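All residue numbers for the sequence shown refer to this note's numbering, where the first residue is 310 and numbers rise by one.
The set of hints was computed from the structure by calculation and includes no laboratory data. Fair warning: this is a prediction, and the values are worked out from it, not measured in the lab. The C-beta atom is built at its ideal place from N, Cα and C for all residues, glycine as well. Take these hints with a grain of salt, some might be off.
Straight-line C-alpha distance at most 27 Å; calculated BS3-like pairs for lysine-lysine [claimed, not checked]:
id: 1; residue 1: Lys522; residue 2: Lys503
id: 2; residue 1: Lys595; residue 2: Lys617
id: 3; residue 1: Lys556; residue 2: Lys499
Taking CB as the label site, the calculated pair distances span [to be verified]:
id: 4; residue 1: Ala827; residue 2: Gln649; range: 46 to 56 Å
id: 5; residue 1: Met689; residue 2: Asn602; range: 32 to 42 Å
id: 6; residue 1: Gln659; residue 2: Asp847; range: 29 to 39 Å
id: 7; residue 1: Ser769; residue 2: Met689; range: 29 to 39 Å
id: 8; residue 1: Arg394; residue 2: Lys515; range: 50 to 60 Å
id: 9; residue 1: Asn602; residue 2: Asp722; range: 36 to 46 Å
id: 10; residue 1: Glu585; residue 2: Thr800; range: 49 to 59 Å
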Amino acid sequence: MLKETLKSQIPVFSGADINHILDLAQKSHENYLIRSNQNDLDKALVYYLEAMKINPSIPHVYYKLASLLWEKGDIDLTSAIQKCRKAIELDPKSANARLYLGYFLKASGNYNEAEKAFKTSIRLAGFRSSKPRITLGLTIIQRLQQSDFNLIDFIKGIHYFATGVIMATYDYDVIRMFYKSSAEDFSIFKYRFKAGFHKKTGNFAKTVETYEKAALRTGRKDLFYSKIGDLLVELQNPQKAADFYRKALLTAEDDIVLWAKLAELLQNFDKNNHEEIIDCFNQIAKLEPLNSNLFYELGHLYLRKEDKFSAVNAFKRAIEIEPHNAFYHNSLAYALVQLQDYDGAISEYQKAIRLNPDSEWTSIVSQALGAIYHQVKDNMDAAIVAYQTAIVLDPNNIDAFIALGESYQDRNDLDNAVDCYCNAVKLDPNIPKLYCNLGLTLWEKGCIEESIIAYHKAISLNPKYEIAFNNLGVVYLDGSNSPEEAVVMFTQAIKNNPNYALAYYNKGRSYQALKNKAGAAKYYQMAIDINKLTDEIDENEIQDRLYSLFSVV
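With the sequences and hints as input, model every part of the structure.
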């Protein structure tokens with residue numbers, strides 16, 4: 310994991326360090342306000358909590374903690390308001406405590422109480438009341454947007470806002486934050502300009518050196534290490550680029566862009582690093598929990614890792630966010646097939662088909678549904694309907710025609726099977742499997758010559774098609790009583806696939822038909838030996854053939 314614990318970065322303090330702790334807390338808080346860096350927020354929280362342990366009577370610690378904890382999502386508005394009231398109890402004259410109380414009252418929808426708190430803050434702050442004035446002005450205007458318009462209140466809102474802007478010149482805190490922000494911006498600009506110059510002149514080593522120096526001197530490691538990573542990607546050094554993205558993320562764990570850069574880099578150059586790629590996506594998902602596409606991508610990453618249960622959970626989360634996305638239902642169905650939850654897969658495929666975002670795509674989904682009914686459920690009627698639906702959705706889906714033909718063939722509806730294969734041939738006459746399937750169907754119909762022609766066509770398209778050679782040999786042997794021709798075909802099938810047990814068995818049958826007992830015995834035994842590994846044939850059937858060679862009649 311890329312995360313570092315704050316305990317390793319923050320020293321242990323004693324009571325004598327209280328002022329130093331408060332100073333560090335304020336600096337971290339200000340850095341967070343300027344940079345919106347999660348690491349700065351965490352540091353500020355730790356410092357303020359440590360200060361509270363040492364001295365629980367410091368008023369500003371309470372409202373600062375309320376702000377940070379609420380920002381992080383660790384407390385609700387009620388708790389935040391309570392902490393602000395505690396600060397006011399400790400220091401009734403604290404203008405900032407009233408200002409923060411107003412913020413949280415406004416966030417809770419209590420505009421009237423919030424306005425009272427801001428007005429008290431203005432009275433207590435005097436010339437330094439820029440922030441409460443601006444905030445009060447905006448609050449009044451926002452209240453009017455949600456209720457009946459009141460001209461007098463609108464004028465008051467404009468008045469408070471305008472006077473707040475004018476009085477910003479008297480507010481030391483505003484001026485100091487503006488100066489600090491400007492100084493940091495100038496420092497960053499200076500280093501970026503210098504590094505940009507070196508990059509333009511092709512001095513990449515100096516560019517990296519400048520960025521590294523900037524990262525240490527400005528504290529913006531997230532920005533400048535990311536810049537180094539970007540440069541190294543351009544220079545085609547992905548491993549070092551990933552290292553710098555990781556270093557940048559140590560101080561910017563809430564930077565979605567950085568996580569995305571690292572994830573993309575790993576996917577392009579380190580595809581097998583499934584753990585870290587998945588971690589990147591999980592981090593992005595935490596920052597964007599309603600981004601359904603993130604969970605969709607995460608599901609596919611889990612599938613690549615063969616973590617099927619996590620893939621299912623990721624796809625389900627994507628569907629929770631976007632229930633009418635057909636692609637999410639299709640992917641969930643595929644993941645459920647991997648878990649052999651075929652009923653669940655059927656349900657998800659059906660949902661994807663009903664949503665039908667694109668006819669050609671939905672045709673493929675319908676074909677996948679048909680395959681489950683056909684190959685798993687052995688429900689030929691449902692399979693045929695699914696395949697027919699696929700063809701209606703996309704009349705050019707040749708695979709659906711083949712699958713439909715195979716379903717008819719398995720149901721012994723040979724005429725419809727032949728029609729399907731012929732329709733497929735019209736779409737693409739150069740698919741060997743089509744002619745092989747057609748040859749088998751014609752053989753089962755008793756059309757010997759036509760079957761031989763179909764198998765020869767399959768072989769002409771794929772001279773290494775061992776199944777076509779074997780099946781053609783069977784037609785020569787059992788259909789046209791030509792065992793010599795059959796031996797040639799089985800020999801070629803074995804040449805193309807030396808582990809094809811059925812071809813050895815059939816070649817043995819051919820030799821037996823030719824009264825060559827030695828040849829038949831040899832190939833029956835070879836079929837038995839290979840079949841122990843491939844388990845293609847019932848071994849008893851081969852044994853019976855072998856023993857019959859030497860039986861005495």
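Run the structure past the numbered hints and jot down the numbers of the failing ones, going up.
The structure conflicts with no hint, since it agrees with every one listed earlier.
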